[in-house]
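Trainee: Using the hints, put the two chains back together into the complex; each one sits in its own frame.
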Amino acid sequence: MGVCALFEHRTSIIEPRIREGAGEMLTEGLVVVHECLGEKEQRLRRLVIKGPIAKTAKPGQFVAVQVQDSSISSFDPLLRRPISLAQISPDQDEITLLYRIQGRGTEILARACCGERLSIMGPLGQGFSVPKEGELWLIAGGIGIFPLYALAQDALARGLTVRLFWGGEHQRFLESAGLLQWQALGIPLHLSTLDGSFGLKGLVTEQVEEQLSLLFGQTKQEQPLSGGSIRIATCGPKKMMQAVTELGRNFGVPVEVSLEERMGCAVGACLGCVCTLRDEAGTLIHKKVCQDGPVFRGEEVVWDVSC
Amino acid sequence: MCPVDLTTHIAGITLRNPVLTGSGTYGFGEEYAAYCPVDALGGITLKGLTPEPRLGNEVPRLVETPAGLLNAVGLENPGLEEFLRSYLPKVRKLPTAVIANISGFSLEDYVQMARALQRDSGLAALEVNISCPNVKHGGMHFGTDPKSAEEVIGAVKAVTDLPIIAKLSPNVTDIVEMARAVQSGGADALSLINTLLGMSIDLDQQRPVLANTFGGLSGPAIRPVAVRMVWQVSQAVDLPIIGMGGITRWQDAVEFFLAGASAISIGTGNFVNPQAPLEILQGIEDYCAKRGMASVHELVGLAHVS
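Line by line, the protein sequences are chains A and B.
In this text, residue positions in the first sequence follow our numbering: the first is 1, and each later residue adds one.
In this text, residue positions in the second sequence follow our numbering: the first is 1, and each later residue adds one.
Here chain B stands alone, though its shape is the one from the complex (with noise of 0.2 angstroms):
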């Protein structure tokens, strides 16, 4: 079997693979080196940035629900200004494509944010979390109102040499009428999707489980509403879309590919299993192979040729 050609082209970076990591599951890349070497990942994807710190919620902020995770974390960062100082300094020198996280309560937030990280910075790109559900107006409106969402991303476009890579919440009637408006709003590329807002109640307490009432579903329970919306936003836009939700082996990464994802994410995934990557990586590698693709991207969007 030839050797398959990993390469990724998403937003005008190069990537090792296409293997990336989601925000929030990451921290900051330095977590799991003792897990997964950073340097055979396509790239990995920080913790949610907020121009000042976050303390964010209070526990309990994860329940397990069936095949899934309800997370409400609440955006705990440690702002824009120690970043720069104590974490930039760390994660420009990971030898992997580094996407920060950019999150704000307003568009003069992102805006702040994107004005910080440039080029130079050393990242490679940057992802605008316009849909954390979370936190009170944690993007989430950005996320849900497509005139706010392309303005949002036009706002962080016109101040940052970066690549745009925008974050979408699959909390909407219609994911593809989000997907237009970031487009227009001059996105780089789309990630598809974050958390669905779900909750838990305790019988015992007959309280809901989580501080914060709601929470994020993650994990294997998400992934068919992610493929399908990967699906039916591939046939919409023209945007490269890194596609996540629930992958936790090679199969599930797969079936983003052929949806119509450019590259894929593990987030929860991670949490099951720290070498899911690796794992992935080399499953999608050897399906490519077995089928005599010399490239990944000839998988992407396959099941839509009729």
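So here's chain A without its partners, still in its complex pose (with noise of 0.2 angstroms):
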């Protein structure tokens, strides 16, 4: 893999495609970078498809990707994988995904070639809601801070003052992950790691209260603050989300949160990926994360039930 040389060249002999009827809804993307990112180890791919999903798409939405070895026509893995937009980049017409390989369908999306097509469902879901004025924080976890990325870059060209808290195993993951991308950004970044070998020692969510302490003040669940003009946007594990979606009641700071689930189809079709949420009556409902989110707000989500 790598930068593909042979790209200019491929380009002019097959012509992007779209499929009948099928509004740009399924297209079929031209590979233009699949590289390794970072250290080996850590099994983390970038993936720059050039196609009209740049145009529509917005950060916090996903595409539905089929993985299929191009030589060989099989139904195994059956199912496509959904892959959240890391960048979207409309002039260029590219859309940059990045994924952890961990099972057998991203192993095989790993051996797309540059110049190779893939078929594409999206942009799909409902993505950040980006506020019009104030500071956005956005706390990661782990691989959680794909997504961020293309939030950070839409804030910030809105004028947005952004931050970011990012935890991870260790400063190797950290770097692997994009690190660099990030201080280029030339935003206030709150790093943290399970190891310490990389910013301060331990979970990001210690760092989370700390910042919001130091300008709020402490605070008791009892008497929600109010966080004036900063809203949270979180990716990462559940119990990370949990814990920021509490830390924003706290504060009085709005949380929006990017929930992940196996999924079937896609488009709200088959209910294989639903997520409780609490609605304003109270009642326990069922949501789709590929439809109605995958980005829920923090406060609805009913966390210890399945989602």
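Think of the hints as simulated: they come from the structure by calculation, not from any bench.
Computed from a prediction, not measured in an experiment: that's the story for all the values here.
Each statement offered as a hint is correct.
Part of the chain B face toward chain A, derived, beta carbon under 7 angstroms:
| hint | residue |
| --- | --- |
| 1 | Y26 |
| 2 | Y35 |
| 3 | P60 |
| 4 | R61 |
| 5 | P66 |
| 6 | E76 |
| 7 | G219 |
| 8 | P220 |
| 9 | F271 |
We put the CB at the ideal spot given by N, CA and C, even for glycine.
Mentor: In structure tokens, the structure reads:
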């Protein structure tokens, strides 16, 4: 893999093709970059795809990519893989997907070469809401960082103040998963690692709490503070997002979370990926992560049931 | 090549073509609108309904298996009342044949729903699901005991003027016996097959992957079982069969016609390729045209002729 020198040549012989009748929701995207992200052991990949999706996609949305070895027609693995958009470049008609190889599907996807075409559904789902003004705090755990980069770029382009809290296993992970790109944004970074090899040792949520306390003083759950113009967007392990939601509630800061669930159809038809929410009347309801999400308001999510 | 007549008559209804979508894989008909124009389809089968609203099972509800998918959604649906109020006014306007799918936990459940869904509701037919493997008594006992199957089909037939399609479970020793039973009950057509009961265990957690432990297996993995059952049943009963189970390509669909199906339904295949119905329809048409067939109906059961 790696940036493909043949790319310019290949585009000239393969015309972009959209299947008839699909509108632009099912497209065959051209792989223009597919490379190892950071050190090999982290099994992270960067996949840049050319296609019309970039024109309409929003941060927090995702695509469903067919993961088939194009040289052998097969229905194993059967399903598409949902992958969040890490970068949206409408001017270049490019989207960037960052992913970790962690199963058969992503292993096969990792073999896709530059110049190949991948069948892609999207952009899918409801993304993050970008506030008109004020401050946006991004809180990521592990590879939950990936969709937040597109959001950071969008928010900065709109003149918002952005800061990032990011926790990972160790320094090598953070560096592999895009630390340099984040540093290049020139925003405040609050980094932590589990082993203390970079940033503060501990959980990312500890730093979030510390910063909120510095700004608003200590708080108790019974008297939530008004978090002013701050908004939080978070993606990462469920327990982390739950803790962030709790902090948001205590300090009066609205939190949006990006949920993950095993998906079937990715369009809301099969009900495979539901999460449990509490509606305004307090009733437990199901929403579809693929269609109603993946981004939800943290406070409506019922964390201990099924989501 | 002459144009091939794709018109399909089944259970007293006329379909534009023999390609339908499977219950539970196509929502209430709008979810795939951006991928596959609904007026290109012969018909759609709606998500299974129960009298009361159901939240269904907890997640994980899905797990991918070799060339297959195990699901245990557990009949999550808005319930009959909400369906009639919020969904029916929309689905009856869809420019295709709309088949409602009903499930129940008792004979009374089925009767209640059948009574509420009549020809003037704008639906084309009722598919009676006596085969859901994912909820306790999710109709599956009606689908594994011939006497119960005959009773439930007879009971719904008596209270609605809509054609009745019985959706049979493959989780039986003798599918032919079940087909004969629902024919005696008055079914107008058969849907063959529902999912096969299966399970998958997570080696790290050392626990079943699905929250429901068991799930229904669909996808290409089950196609040979479905083709065999369509073959057997088509020899034994006179009812038209809607063949389904792992259809993802036109070749799969043709196989079902040759085995004896009069129409086919695409389920999990939609997840793989949301334009599968269009491509499969085109493939069926081309296959018939190349062989000089005037109508797709000529294909039905052709493999049986010695």
